[in-house]
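Mind docking chain B on chain A? Use the hints.
Line order of the protein sequences matches chains A and B. 263 is the number that the numbering used here gives to position 263 of the first sequence; each next residue is one higher, with no gaps. 57 is the number that the numbering used here gives to position 57 of the second sequence; each next residue is one higher, with no gaps.
FYI, nobody ran anything at the bench for these hints, they're computed from the structure. Please note: incorrect hints may appear among the correct ones.
What the hints assert, rightly or not - Calculated cross-link-like contacts (lysine-lysine; reagent style PhoX-like; alpha-carbon spacing at most 25 Å):
#	chain 1	residue 1	chain 2	residue 2
1	A	K250	A	K261
2	B	K52	A	K252
3	A	K250	B	K52
Stated by the list, open to error - Computed footprint of chain B on chain A; a stretch qualifies when at least three of its residues, placed anywhere within it, have a C-beta under 8 Å from a C-beta of chain B:
#	segment
4	4 to 16
5	30 to 40
6	255 to 263
What the hints assert, rightly or not - Pairwise CB distance ranges, derived in the manner of DEER restraints:
#	chain 1	residue 1	chain 2	residue 2	range
7	A	D198	B	R48	42 to 50 Å
8	B	R48	A	S125	18 to 26 Å
9	B	P55	A	E110	17 to 25 Å
10	B	P55	A	D302	28 to 36 Å
11	B	K52	A	H162	56 to 64 Å
12	B	A60	A	V220	49 to 57 Å
13	B	K5	A	H64	38 to 46 Å
14	A	K83	B	A60	24 to 32 Å
15	B	I44	A	E110	23 to 31 Å
16	B	K52	A	E200	47 to 55 Å
17	A	V206	B	P55	36 to 44 Å
18	A	E20	B	A60	44 to 52 Å
19	B	P55	A	D19	32 to 40 Å
In this text the structure is predicted, and so the values were computed from the model without any measurement. Ideal Cβ placement from N, Cα and C applies to all residues, glycine included.
Below are the chains, spelled out letter by letter.
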Amino acid sequence: MEPLAPHEKIFVDSDIVDDENHGEIACHECHGGNPDDPNWNTAHKGVVKDPTYPDATTACGDCHDEINENYQKSLHVSLRPYKLIIDERASSNTVIRNKLGCAMNTHCSECHSSCGQCHISRPNSVEGGFLDGHLFQKKPPMQEVCTACHGSRIQKEYLGEHEGLLPSIHKEKNMKCDKCHTGEEMHGNGKDYVHRYDVENGPKCVDCHKEIYKREAKNVITHRIHKDKASCHVCHSQPYNNCSACHVGKDKQGLAFFKTKSSWVDFKIGLNPLKSEKRPEKFVTLRHVPVDKRTFDFYVKDALSNFDTLPTWKLATPHNIRLKTTQNASCNACHGNESLFLLEKDVENNEKKANKNVLVPVNLIPKKQKWQPK
Amino acid sequence: MKYFKVIGVAVAFCLVLIPGNTFLCHAYEDTQCFQCHTSAKKLIEATREIAKARPALKSAETSGEG
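Excised from the complex, chain A in its bound form (with noise of 0.2 Å):
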């Protein structure tokens, strides 16, 4: 993504005023501030820079109110399964989940998104700027927009940006992010999810692969064999990013910062921690996300003291799928083959325990097999 001058950023195209359904909204209306004043220093006192956030029903309910019901409960403005997370391996003293309650607004909640910064400008999280000088944009471009914040992950994936891996399928075929994952999906449909992995309209494989379990469909026994036993990922994805520890706090100036202390392309197959009707699979990739116990040290120790109530590699569906992969080249590329799959001996001691229900025992490698499928 192209970094903007400050002054592009907030640089409005003319051309907004022949906008049929906005272009009649004086920037005021949404945005406050004083349109007579010459000083664009007084002019901006009480200016709102998006107005989309945290209550978009002024700026967008209006004409939006279908969408706008929705909005607080849409995933990319509640961040609510972030935070059950953190909460669910924080400590239970209020003292200290109020420190990491601050460490958490500090650092964690930068991280939504809002009509504004999907539809107009880039997100706050990536510096913001206006995607087209305020023209809103109906379908959010992918670069700017969706894979400004899931870069390291999703973005190095799908373009096929690690080093000897190949990019998805998907993005061959031209595919860019609405294409699965549509409005309604982003939009949120008012229920509250604990989890992003339940939310009803979120895309599945099949709902365009709809022949796979069909007699006349290539590869039928394979994908019949393997089905509600492996997800999709297992069999089509390349390796993908995973991240370590990751700590925050504030430099000496007052700033906030992160740092992760290491990241490293790796595939693992684990036992499905999310199962589920949705989800009904015994085998799943895994990735290893960058929650550390002491993440939040520098607010407050021991933030993070049930820490092993929930697995550090987790359900992962990452975006670089291919038809030919590894481990998919014969049976015997992924039966029998322990390398693939997440073992003890690939857990660090410290989060063994988080991860017991994930840990794939050795019994449980599929055996090598003898017949191979025509």
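Below, chain B alone, put in the same frame as chain A:
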């Protein structure tokens, strides 16, 4: 003459009262907001002033992938 008056009233009605017409809906083009934010020159000057007055907002200590 009567017809001219009728036409004149109709034109005035269109200009002033019909929502969405050019005369009404683009009145904000004269505001200071619009005048400044559509001028790259003015914005460059203003953002340079701001950069001088305000320190960096991002810590240089951030490292690694988020």
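Hints and how they fare:
1. Taking the CA atoms of K250/A and K261/A, the gap is near 17 Å; set against the 25 Å cutoff, the hint holds.
2. Restraint check for K52/B and K252/A: satisfied, since their Cα atoms lie roughly 20 Å apart, inside the 25 Å limit.
3. For the given pair, K250/A sits about 23 Å from K52/B by alpha-carbon distance, which is consistent with the 25 Å threshold.
4. Judged by the Cβ-Cβ criterion of 8 Å, the segment 4 to 16 of chain A is covered by chain B as claimed, because 8 of its residues qualify and three suffice.
5. Taking a C-beta to C-beta cut-off of 8 Å, the segment 30 to 40 of chain A contributes 8 residues in contact with chain B, enough for the three needed, and the coverage statement holds.
6. Beta-carbon proximity to chain B at under 8 Å applies to 9 residues in the segment 255 to 263 of chain A; the threshold of 3 is reached and the given coverage holds.
7. Checked against the hint of 42 to 50 Å, the C-beta distance between D198/A and R48/B comes to roughly 48 Å, which is consistent with it.
8. Taken as a hint, the range 18 to 26 Å holds for the pair R48/B and S125/A, whose Cβ atoms sit roughly 25 Å apart.
9. Between P55/B and E110/A, the C-beta spacing of about 19 Å keeps the proposed range 17 to 25 Å intact.
10. Taking the beta carbon of each, P55/B and D302/A are about 34 Å apart, inside 28 to 36 Å as hinted.
11. Taken as a hint, the range 56 to 64 Å is violated for the pair K52/B and H162/A, whose Cβ atoms sit roughly 41 Å apart.
12. A hinted range of 49 to 57 Å holds for the C-beta pair A60/B and V220/A, which are about 56 Å apart.
13. At about 43 Å, the beta-carbon gap between K5/B and H64/A stays in the expected band of 38 to 46 Å.
14. At about 28 Å, the beta-carbon gap between K83/A and A60/B stays in the expected band of 24 to 32 Å.
15. Range check, I44/B to E110/A: Cβ separation about 28 Å, and the 23 to 31 Å hint holds.
16. Restraint check, K52/B to E200/A: a C-beta distance of roughly 51 Å satisfies the suggested window 47 to 55 Å.
17. Checking the proposed 36 to 44 Å range against V206/A and P55/B shows it is violated: the Cβ atoms sit about 52 Å from each other.
18. Checked against the hint of 44 to 52 Å, the pair E20/A and A60/B passes, with Cβ atoms roughly 45 Å apart.
19. The beta-carbon spacing between P55/B and D19/A, approximately 36 Å, falls within the hinted interval of 32 to 40 Å.
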